[in-house]
Every structure is written in structure tokens, then in C-alpha cells.
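Chains A and B, in that order, give the protein sequences.
When we follow our numbering, the leftmost residue of the first sequence carries the number 1375, and every step to the right adds one.
When we follow our numbering, the leftmost residue of the second sequence carries the number 112, and every step to the right adds one.
Worth flagging that the hints you see were computed from the coordinates, not collected in a lab.
Predicted model only: the values in this text are computed from it and were never measured.
Be aware that one or more of the hints could be misleading.
[Said to hold, decoys possible] Reference excerpt, derived from the structure (chain B facing chain A, CB under 8 Å, subset only):
1. Ala189
2. Met191
3. Arg218
4. Arg343
5. Pro456
Even glycine gets a Cβ: it sits at the ideal position worked out from N, Cα and C.
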Amino acid sequence: MNPRTTLHGPPGRRGVDSLAMNPSRQDPAYTTRPTIATPSDDLSVVRRIAGGDESALAALYDRWAQPVYSVVAHLLKDADGAEDVVEETFWQIWQRASSYDASRGTVRTWILTIARSSALDRLRSRKRNREDIAADLTLLRDPTPDPAQYIEDDERSHLVHAALQELPEEQRRALDLAYFRGLSQSEIAEFLGEPLGTIKTRMRLGMQKLRDKLIGLRESRA
Amino acid sequence: MSNDNEMDNGNTHDGSAGDDGVHDQPISGEPVSPTPPLEEVEPAFDVAGAALGALGPHEEADLYTAASTDPAVSAELAAMEAVVAELARLAPAQPMNRGRSAGIRSRLVARAAATNVGRRASAPSATAEGEHAPARPVRPARPGSSQPPRHQAPPPSHASASARHTPIHVIPFEPRTRLPMARIVGSLAIAAAVVLAAFGIYSWRQRSPAGSASTASAMQDSTLEAQVAQLRVSVAQKDSLIAALTGMHTRVIDLMSFADAAPMARMFWDQKKQMFIMYASNVKPPAHGKVYQVWLIARGTTTPVSVGTFMPDSTGSAVVSAKHPMEPGTLRRVAVTEEPEGGMPSPTGPVMFAGVGR
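Construct all of the structure, not just a fragment, from the sequences and the given hints.
Structure follows, in C-alpha cells:
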């Protein structure tokens, strides 16, 4: 690299604007898919984090940063904001690891719950107006994404997709607006011109049915 | 029109069978879980809405309060959160920028290491059980929200005492640009120890009749007092730096070297306080009559703004701190050039370091 490059030098590989950190090195943090690990591995790592082991935080980041990013980036539609949420999520994990209760859910659920909650806070702080929401909703012609694009392109992802597709359209739409668009029940009711109680009912029924289907799936695979 | 039980108020109620019925078989063909028929259920709390993060703030607070005291509500909420986590599988994969991901990882580990150092320095005799306990929540809230956490579980027994006393080891993401956080914090601890020792000697001498009797001792006292005052100022300054380095709003920018040797520089940008602190090491002295000058370039402009000049010390290290207003997320580039003494209004010399902001 030319050591004499100036800030006013010609654009190109040697100019300041072309500088970027070298991503060529192979590092677990660069992987786009979670590394192979089991829930018990995750639990072990969280326990180490609770013990103050920062290398465990790095390990958990390597495994989960990318999936977390995909979820929050899809919700926020903002790469910078999604990165901030990823950082905030793992910082909260560091701070709260000792309060993680394995009996309440898996590490995966815990991490994604923290991440989504942080993303929702950020999303709602933007004070979206009706036009913003409408713009989001134009993407809803196919409310769930193409299965070929799933984060975890595995059989279970396809089964979750299938379970969602089995819901009545109104319930699926309510869940979709809440989960993938981050709308509150009041926002959904206002946008769809439906009573709030109706939206609540659809959401609850949809979630209950989805839970039942997924439990059935889990039991059948056990 | 849906088949929901349509209600105009916010109270939840259960629909009848039909499209919205609950007597579907799971797609696996297995019997469904023993969920009672919906028409028998009159939920007091909208657990599904809470798991989706779709409730209003008051309703959400009520639910999490109930979940913290009612095991049935807590279990239902956990089940619904698991369903929501399943939906995450349907989000399309979006690759994270590798460089930025590396930066986030590096910051997280450095901050974690710094909190470990701080914890051990401030509470060396703390019990293992209380050492890593997070701040206790004041009131329930969604996990991950800016509000305090609702999880109230006591520190688990699996957080063993031995693990809590794991030696400090910052994992460098990029060995070439190892973060000097632990070293900085360690220096702080040493400085604090020196202050305490000096202050102890000073206090002892103040109380000693023999010391106060001699002129020489009085002079020593005066010298020590001045040293203590100076060290206190130094510690306060370093405390301020540490706070800036480890804050939530701090961004870290690695600057790459253009020189033949392997100098490194790292800038910490506290976006909230609009404070920039750059650490450099292994920096060769500039040419005679020259200094290094630090520049920031904001998004949407090509005009660099100077935030100061510096000279490395005899070991090649330098610290530059400056306060400069810049909106969060608008820093595009950081660069260091060699310029004539006193600095220049715009860069003229060669770029010694450059980094990418975010």
C-alpha cells in the first residue's frame, strides 16, 4: 500500500475512501451461519458468561450474532440500527447472564427475545406515521418470506412456515404485522380498520394454534 | 370478514371453531397438546400479545407484573415466547458486514473485560455469589427493552466461584490491533494504588510527632501532598477516559497503518458526549518540524475537520482526545496525516493512518 497517499489523493484502492478493514481473514465472527452447537453447548456458554468469562461472550457472539442480526435487520430495515441492536443484545446478555433461567426456555429463545425486544424499542422510537406503516405493508403481499431465504434453511424452518400457512388468513396477517413489522395491536387495529378486540383475538388464536402445531411437531420428532 | 369473535373493546375473548377453531391436528399428524378448548378460556392477560411485543405499555407492565408473581402466567408467557422464537426462523438471512461485526465483537469483549477489572478492583473481597449479579430490576419489563429486566431469578448455582475468578483475558479480535483496554485499566488500578499509598504515608506523617517536628519532614509532607493532589487529578482524568471508552454510546474505529512498521491506532468515539479519544502505539516520530494531525470526515462531505495534533512519546505511544460535535452514525472516515508543526487547516501531508467510521 502506498505510504504517501494523501486525503486529497485520487480515488481508488489507495485513497482514503477505499480503505476498509480487511475482511479476508477467516474468523468465526465472519461466518454468516451459526456454528454447529447444541442447546447444551449454549447453556454451558451462558453459564461461563455468568461467571464473568468474556471469552464465552465472544463464543456466544460467534454463534448467534448473525441470526440475531437477520431477525432485527428484517424488522428494522436498517443495517446500522440492526448492528446497534446486536451489540446491545449481547451486552445485555453479558449483564444478565446470571439471571437466565433455563427452565423458562432455551438460550436461543432467550437471546431472540432480548434482541427482538430491543429492536421493537428502537422501531417504535422512530415514531412511524401511517404512511411509513403503509409503505411497510406494501411488502406484505406475500406475508411470509420465500422459504429459500430463511436464516436457518433447515427442515424445521419449512415446517414452521407450513404451520403458519395453515392459519386462517386473518390470524396469519395479524401475527405477520406484529412479528415481522413490529406493529402493536393498536396500530394493527387502526391500520386494518378493525376493532382492537378483534385483533387481540386473532393474535391469541393464531399463537395458540401455532403453539399447538409446533408442540405436535416437536413431539412427533422426539 | 373473519371468523373471530369480534369485540369492540380491548378485552380478549375466544372464538368458536371454524377457520379460527383450535381443533386442528398438528401438521405432524400427532394429537395436539392438552390445551383446553378456547371457549373455556377467559384469559385475564394477553400473553400472546405480550410475547409478540404488541401490547400497549400499561397492559404490558401489568402482564409482566403478573408473570413475576404467578407461575401459570409465567409458564404461559415462556411457551408463547418459544413460539415467537420459532417465527424467527422465517426471517430471511441477511449477512452482517464482517468488518462491523468484528468491531462489535471486539468492543463487547473489551467492555466485558473492563467490567471484570472494575468489579475486581472495586470489590476484591466480594463473595462469589454477589460478584456478577446484575442490577436488580425495579419493575418488570420486557426482556431486552430499555426498561429494567423482568427476570428475577437469583444467580444460578452453576455460576461457580472458580469460574467467577477466571483470570482476565481480553480476546483480541485482531492481534495486530490488540485493544489496550486491560492495560489502561490496569494502569488506572496502579495509579489508584499509588495515590492510596502516598496518601497513607502522608496521613501517617501528619500524625507523627517526630515528623511534624522537623523541617525536613515538613518539606517532605508538602512534596507528598503535592504528589497526592497530582495523582488524584491523574486518576480522575483516567476515570473519565475509562468511562468514555466503555460507554454504551462509544464506537471504536480501527485505523490502519500506511507505514512499513506495525504501528496501530484505535479511536473511541463516545457519540453521546461527542468525545473522541485515539490511542496510538509503535508510532515513529514525525519528520523534523512536523507533527501528526487527526482528521474526521463526516458523511455527506469530503472536507476533513481537524481535531488536533500530536507527537508520540519516546515509546511511540500517543493519546489524543478531543471534543467535536458530530451526529451519531455520521462519522465516515478518520485519518492521521503528517503536517507542519502547529497543524494545517486542511490535510497536505501523507496519510499515516486511516479508519472507517460507522
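Hints versus structure:
At its closest, the beta carbon of alanine 189/B sits 4 Å from a beta carbon of chain A; the interface hint therefore holds under the 8 Å criterion. Checking methionine 191/B against chain A: minimum C-beta separation of about 6 Å stays under 8 Å; hint holds. A distance limit of 8 Å between C-beta atoms decides the matter here; for arginine 218/B the minimum to chain A is near 7 Å, and the interface restraint holds. Checking arginine 343/B against chain A by beta carbon gives a least distance of about 29 Å; that is not within 8 Å, so the hint is violated.
Because the beta carbon of proline 456/B sits about 13 Å from the nearest beta carbon in chain A, more than 8 Å, this interface hint is broken.
Of the numbered hints given earlier, the model fails hints 4, 5; all others are met.
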